[in-house]
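*Asks:* Dock chain B against the given chain A, drawing on the hints supplied.
Listed here are the chains, written in short residue letters.
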Amino acid sequence: MGTTAQMGPGYFPFWLGALLSLIGLILTFSSISKKTNAEKIPKFDVKIVLWITGSILLYAVLLPTLGFIFAIFVLVFVSSSVSHEFGWKGTLVNATVLVIFTYLAFVVGLSLTFPLWPIFIH
Amino acid sequence: MDLLSNLSIGFEAAFTMQNLIYCLIGCLLGTLIGVLPGLGPVATIAMLLPATYALPPIAALIMLAGIYYGSQYGGSTTAILLNIPGETSSVVTAIDGYQMARQGRGGVALFAAGVGSFFAGCVGILILAAFSAPLAEIAYKFGPAEYFSLMVLGLIGAVVLASGSLIKAIGMIILGLLMGTIGTDVNSGLARYTFDIPELSDGIGFVAVAMGLFGFAEIMTNLEKKGSEETFLNKVTTLIPSWIDIKRMSSSILRGTMVGSILGILPGGGAALASFGSYSIEKKISKYSHEFGKGAIEGVAGPEAANNAASQTSFIPLLTLGIPPNAVMALMLGAMTIHNIQPGPQVMVSDPSLFWGLIVSMWIGNIILILLNLPLIGIWVKLLKVPYRFMYPAILVFCCIGVYTVNNAIFDVYLTAGFGIIGYIFYKLGCEPAPLLLGFVLGPMMEEYFRRAMLFSRGDFTTFLTRPISLGLLIAAALLLVIVALPAVKKSREEVFVEE
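Residue numbers (my numbering), protein chains in the order written: chain A, 6 to 127; chain B, 5 to 504.
Here chain B stands alone, though its shape is the one from the complex:
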């Protein structure tokens, strides 16, 4: 069994004292930011990326991954107990979870969320382990034309699944791609868009863009929402669900896991989309659909399973193809490049202990999370009482220190401040920053593959259509666009995102 021997490599790599500790730190940090509203995984990972410089690559990736899936666990806790979703992916959990808590069934809701997340996480990891090797095989057959088409599909997917205006999202992607071309052109050595500023000759720092657009802009928009929030904490009584609860939640967990696993792999997908998708499915097919919104356990178990499954499977495109399906994975790609790892199919071969170690660490992380989460609920809830006026300066401090340490360059701090303002304007105008970040990360790769494909075909554009895999990918991309443009889908798509 190949898989077993691979997993044993992974266990060996993940079960070192150092990696276990970083896995624990990542999970704790993830839970923490999951609990805190107004601080998402994208901003946190961008903030901590520079701090992972000093670590060995595997420890850094284990910790950053832990932050992502840890935040999925943490987000549900406060959604259920306080009706404060810590993450967008737990917005739907709050609907029924909080109602359950008010009925004195908060413990059962937490149990359903925890068990659902754990089960889905394990399945997601198994899928990741089982499918990455064959997928990487396919990826080896990819030429530049295939890679280019794959990126087109990825970017289109990001547009389709983004909320708000389609055309604006496409514009954001192109702007991101353009920003990616800033700096010295690798082929000719000529400077592009640098305006004779020497600091720009290496391009704009990826951390500066992410931190400004997500971190700083988030703070400014949060500060606008004045007024103190009254929080009402429900007592957690029993954690043990009744037999009927178990029966009702288990099929939801299974469905949620399936939905989440699929939506996680899709370009543009990810945890938030998975939980929305799962909630609407559960609501449609449940026998108890009249209970939804009034404390249906399916509405907690399904989405929580889905978002955790998605947060695991969204690693598949990154680790096997080197293409990030969402903004968090774009940051992970940045983390890998900082540590001189070129993501793609070759990672599995050239660095198996890193690849399988990361996968096994996710499984360990899931165990840590389910063991830690329930006993620590009291602490997390207390943390929520820290007022925002103390929190946001702290976030600013970490961002400012972090962005400086990437290159020890003050210029990057100025850049980040500028992107903060841009991010704020984008938010006001209803432009999503996530597609821009994806475009920015993929930009240089996309240009390179496009150039090579054109070089091989001597400038013949039909090369994208005559190669079967490339054609298939482009057809998939076109289909996605057509589907979203259909009036019926367009309407329901708008409805789904209104609930956000």
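Same shape as in the complex, but just chain A:
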């Protein structure tokens, strides 16, 4: 913590935390007070969140092992499948176009380094 004149690392976060708790308290009390109209918490679409987040996590897992090209294919396919208009053909075309475009833009154009192919091919 330290003193006000010689602040330690905990000083600033401590007071921020105190402020945030205060705001939390105000919000809690104002929401249980009778004057407030009951608000409905909107429905969460868990399926969309899981598929989209899952596709990103899969990409993160696959990139270092199976490489850029494969990881992007998986990312596009998994994320597309949650759309209510999903189709195999369209997604395949989309994924191929995206892989070629990102390869040209990032790897060739901006010369960023990626693990391109699966490690066992090297």
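Just so you know, these hints were derived from the structure itself, not from any lab. Since the model is a prediction, treat every value here as computed from it, not as a measurement. Certain hints may be false.
If the Cβ cut is set under 10 Å, some of the chain A residues that face chain B in the computed set are [claimed, not checked]:
1) THR9
2) LEU62
3) GLY72
4) VAL81
5) GLU90
Calculated pairs, DSS-like style, for lysine-lysine (alpha carbon to alpha carbon, straight line, at most 27 Å) [said to hold, decoys possible]:
6) A/LYS45 / B/LYS172
7) A/LYS94 / B/LYS229
8) B/LYS172 / B/LYS229
9) B/LYS432 / A/LYS48
10) B/LYS229 / A/LYS48
Have a look at the derived ranges for each label pair, beta carbon to beta carbon [said to hold, decoys possible]:
11) B/GLY193 / A/LYS94: 53 to 63 Å
12) B/TYR144 / A/ILE31: 33 to 43 Å
13) B/LEU170 / A/LEU121: 46 to 56 Å
14) A/SER26 / B/VAL486: 19 to 29 Å
15) A/GLY22 / B/LEU375: 20 to 30 Å
16) B/MET21 / A/MET6: 51 to 61 Å
17) A/LYS94 / B/ASN226: 21 to 31 Å
Ideal Cβ placement from N, Cα and C applies to all residues, glycine included.
*Replies:* Here is chain B on its own, set in the frame of chain A:
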């Protein structure tokens, strides 16, 4: 003339082949995302930030700035022709613009929007050029106490102008400030909130936060809105307005430019707020107020001028004081730090060609935009026909590649995924992510200035009140809070944001 010699430095810097090309790319990308609904400038700039690594700093900033003001031009096109506002700032343009298009006056509406934007952009840039030098002079006199108070004012402004609950917005800011303290403390070298995860010792990546909260969360909320949109494209016939149109729109453009320029500089302001403000003013004072909502040209010209003026003048606080007034500018600050430029008054002196080059490039960009926009309308409209099921995986791909390349770290991808979920929850609970991002960016600076101010004054809090500039800034912040808390203002504030 100082200004003229400065501008000539700028012209020299901006008129290189490379910078012109990046200006063009930025404007095109900006128009593109402006046209596409569901992809805003914040998410795009966050997505492309890592890609600017390889570029020289000036080219990177020119391109990113082009994306921002370019999106203001692009947003109006689809708002007018298809009633689809590509950006929040063109929501009000759609009200009267689309009605004009249905009456066969779409071309005139586009003309009004284009000319209004161009005029306002030029004025905004002039203000930026003229005022940044004197403002930077003042900024040199700022001590840590002044900077701290200025940041308080900035953050309060962001709260006041955010939509929805005030108290929630303050909470979001504080959460952002707290997130900014994650990582190694610069003064003591101790790790804070890292939970022994080595990747967190440098703090959380700024790109990961922005991309998750804006990019990923946006995709998830967009996907929920099912159903295919029927788009009805109105034919563009004549672009040339009648004499009465010109008379009616010119005063609106002037007023819109003024409103936009002021709201752009204000902390928490920006393009979206400017167009809402201008629309309500036009509606109040126009002789033709009964025509509003039925195709009044003032309702297109005013807001379009305002949002473009604001997108230019919101660079002023960033470039002169180093303090971003809104989320897009927070990203620009991130871009500058990535390129090892410390934003603030010293940029103008230490790197004049960057500073003035950026300003001049905005002017070039405005010319490019007005020249390109009208002939390319057909292409932009066709792009809208690309279904969202193809678009969002593409956005995901760019985000995933982008966030990885910042540090070549997989950990950042995981972080971004986590912030995506958090952003989605925030959206559902009606918490705005923009104040959080501002707090996150300002957090470390604010703590540092607070510490220094306290060190100088030996722990005496009155230092913030005894220094005149600091006191003035704090009074302004307090006034802002009081004004919003007034019942009358509170009510009208809620009404304004309901229209969104």
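*Asks:* Hint says 53 to 63 Å; check whether the CB-CB distance for B/GLY193 and A/LYS94 agrees.
*Replies:* 56 Å, holds
*Asks:* Could you check the hint for me, namely that A/LYS94 and B/ASN226 are 21 to 31 Å apart, CB to CB?
*Replies:* With a Cβ separation near 23 Å, A/LYS94 and B/ASN226 satisfy 21 to 31 Å, so the hint holds.
*Asks:* Close enough to count: is the Cβ of A/VAL81 nearer than 10 Å to one in chain B?
*Replies:* 4 Å, holds
*Asks:* Between A/SER26 and B/VAL486, does the C-beta distance stay in 19 to 29 Å?
*Replies:* 24 Å Cβ-Cβ, so the 19 to 29 Å window holds.
*Asks:* Is the hint on A/GLY72 kept, meaning its closest Cβ partner in chain B is under 10 Å away?
*Replies:* 13 Å, violated
*Asks:* Given A/THR9 was flagged as interface, is its beta-carbon under 10 Å from a beta-carbon of chain B?
*Replies:* 4 Å, holds
*Asks:* Grab the minimum C-beta distance from A/LEU62 to chain B and call the hint holds if it beats 10 Å, violated otherwise.
*Replies:* 6 Å, holds
*Asks:* Per the hint of 33 to 43 Å, is the separation of the Cβ atoms of B/TYR144 and A/ILE31 within bounds?
*Replies:* 39 Å, holds
*Asks:* Under the criterion that the straight-line Cα-Cα distance not exceed 27 Å, is the pair B/LYS172, B/LYS229 satisfied?
*Replies:* The given pair, whose Cα atoms are some 25 Å apart, holds under the 27 Å limit.
*Asks:* Can you confirm whether the C-alpha distance between B/LYS432 and A/LYS48 stays at or below 27 Å?
*Replies:* Holds, at about 8 Å.
*Asks:* Holds or violated: are the alpha carbons of B/LYS229 and A/LYS48 at most 27 Å from each other?
*Replies:* 13 Å, holds
*Asks:* Lying within 20 to 30 Å: is that true of the beta-carbon distance A/GLY22 to B/LEU375?
*Replies:* At roughly 53 Å between Cβ atoms, B/LEU375 and A/GLY22 fall outside 20 to 30 Å, so the hint is violated.
In this structure, the hints that do not hold are numbers 3 and 15, in rising order.
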